[in-house]
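Chemist: First to last, the protein sequences are chains A and B. Using my numbering, the letters of the first sequence map in sequence onto residues 15 to 291. Using my numbering, the letters of the second sequence map in sequence onto residues 15 to 291.
One or more hints might be untrue.
No distinction is drawn between identical chains; accordingly, a pair holds when it is met within one copy or between any pair of copies.
Claimed, not checked - Quick list of in silico lysine-lysine cross-link-like pairs, BS3-like style, CA-CA up to 27 Å: (1) K17 <-> K115; (2) K127 <-> K21; (3) K209 <-> K283; (4) K57 <-> K209; (5) K39 <-> K190.
Everything labelled a hint here was simulated from the structure, so no lab data went into it.
There are 2 protein chains.
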Amino acid sequence: MIKFFEKEPYSPVEYSYEAERILYKGKTKYQDIMVIENNTFGKILILDGIVQLTEKDEFFYHEMLTHIVMHSHHAPKRVAVIGGGDGGTVREVLKHQGVEKLYFVEIDEEVIKIAREFFPSLSSGLDDPRVQIKVMDGAEFIKRTDDLDIIIVDSTDIIGFARTLFTIDFFQSAKKSMNNRGMLVTHTESLHFHKEIVIEMQEMLKKVFPVVDLYTTPIATYPGNWWTFSIGGTDIDPRTINRHCEIKTRYYDSEIHLQSFLTKGFYRKLINRELDW
Amino acid sequence: MIKFFEKEPYSPVEYSYEAERILYKGKTKYQDIMVIENNTFGKILILDGIVQLTEKDEFFYHEMLTHIVMHSHHAPKRVAVIGGGDGGTVREVLKHQGVEKLYFVEIDEEVIKIAREFFPSLSSGLDDPRVQIKVMDGAEFIKRTDDLDIIIVDSTDIIGFARTLFTIDFFQSAKKSMNNRGMLVTHTESLHFHKEIVIEMQEMLKKVFPVVDLYTTPIATYPGNWWTFSIGGTDIDPRTINRHCEIKTRYYDSEIHLQSFLTKGFYRKLINRELDW
Chain A
15 MIKFFEKEPY SPVEYSYEAE RILYKGKTKY QDIMVIENNT FGKILILDGI VQLTEKDEFF
75 YHEMLTHIVM HSHHAPKRVA VIGGGDGGTV REVLKHQGVE KLYFVEIDEE VIKIAREFFP
135 SLSSGLDDPR VQIKVMDGAE FIKRTDDLDI IIVDSTDIIG FARTLFTIDF FQSAKKSMNN
195 RGMLVTHTES LHFHKEIVIE MQEMLKKVFP VVDLYTTPIA TYPGNWWTFS IGGTDIDPRT
255 INRHCEIKTR YYDSEIHLQS FLTKGFYRKL INRELDW
Chain B
15 MIKFFEKEPY SPVEYSYEAE RILYKGKTKY QDIMVIENNT FGKILILDGI VQLTEKDEFF
75 YHEMLTHIVM HSHHAPKRVA VIGGGDGGTV REVLKHQGVE KLYFVEIDEE VIKIAREFFP
135 SLSSGLDDPR VQIKVMDGAE FIKRTDDLDI IIVDSTDIIG FARTLFTIDF FQSAKKSMNN
195 RGMLVTHTES LHFHKEIVIE MQEMLKKVFP VVDLYTTPIA TYPGNWWTFS IGGTDIDPRT
255 INRHCEIKTR YYDSEIHLQS FLTKGFYRKL INRELDW
């Protein structure tokens, strides 16, 4: 039995997992990739020493990243998924029949290969005719694209090379690449462990987008767990479900949609710097 | 710098913390006690190798354990706190002016001493005239007591010697010790990591109490994080706030009260064994 210690660079708690087997270990131009097998979580994808997903609980993250904006937007047809080489977010977006074009933009082709080999339940949608795979930097793609309805940023942690997806420049290009009802959603770390990053991202989005909001989901395998997702949009209120569609999800439902947004209480005050914690 | 590895016996993820200093290390008749200092969390109380609380985030647990039942009950006057030697739950109960008698029942007197020495912000209420400290087994105390409005079980993990507080016998004595509007609340571990325990406790409570419910709170320093609290009562709906009182809390508020109960969705189905996860 090998023990895997997560190298999460700014978590005050270190997480470690028993690895029954190491199924893959490699190095790409961008990052180290490892796939381990764990008795509870099944296969775990690890990039640069940080757990990206586990088979057991990936649906919390992928469903909640995807379906909030996809249900509040009235008719999402042109969608871009930036990052998320595992394919989990693409799988969720494709559940929406109205989607006509899905740009899947991943900088590291190796991650896609690994996902196809070890995580078929996530990468299952990658060959859908609506999907166009672009192996390139998401920030560059966004600069050359327009008329997007939805942009979903499914990146690695905000530090590291994904940082270009969390800058005012990127958010401004993202806004330009959208049509007049566009919405962007991105994960923004944990309010428990990375409060300053969450606040910084909310403030950055407010400089660019008229509508900015934040919602949360518990994800047991991300340090801090109480994970945040930030939305920037032009005019649609993400708390309103404007499109009721019969899609199959495990965790997401209309009630969770509404409950996942931060209340006016502790967390909201925290984000508005109205209290110190 | 010493690294502290938590000995949580049934968590699939091991948590570890940097200990700037070990402030106390001792052994009582019942358990090992350790107090460490951590840069992020401040002082951390550890019993039998398991983190019980940190100065940084203890208020999530103590407020949510206490104020749900204390706000749904119409007039809680006689309250028993079983366990919770640190005093955090007592501190929260005492915020309610209507409380006339608070039995504080802790089996391990050493924990109370350690709390008075190292955690004054938690143990501050222990000398309040309404508090009667009983150093004894909570199950024994409950058998000899009656006319309680509220029983709050603030125990260590369900395994180990606290197990006597999570049996059908205990819940039956608890019901006998209450008056006809009584309510009991107890933590019941994490739905992410200890699903079977949560379900077992809910089913046990349903054998004894007419009204059984479950709510959750994110607690970053308890493995699994998505922590559950189970309620057993005679007739009061814990989702209804029957008493509005101006008390000072950091996390709990009326909106969080209502949002913390499990929805009809994923988690509720999980508890009702309507889906497999």
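Chemist: I want to check one pair: K127 and K21. Are their C-alpha atoms no more than 27 Å apart within a copy, between two copies, both, or neither?
Modeler: within (23 Å within a copy, 37 Å between copies)
Chemist: Quick one: K39 to K190, C-alpha cut-off 27 Å, is that within a copy, between copies, both, or neither?
Modeler: Classified as neither: same-chain Cα gap 39 Å, cross-chain 59 Å, threshold 27 Å.
Chemist: With identical chains, the pair K17 and K115 could be close in the same copy or across copies; at 27 Å between alpha carbons, which is it: within, between, both, or neither?
Modeler: neither (42 Å within a copy, 50 Å between copies)
Chemist: At most 27 Å between C-alpha atoms: does K209 with K283 qualify within a copy, between copies, both, or neither?
Modeler: Result: close within a single copy only, 12 Å intra versus 32 Å inter.
Chemist: Using 27 Å as the alpha-carbon threshold, which applies to K57 and K209: within, between, both, or neither?
Modeler: Cα proximity of K57 and K209: across copies only (20 Å, versus 29 Å in one copy).
The structure shown violates the earlier hints numbered 1, 5.
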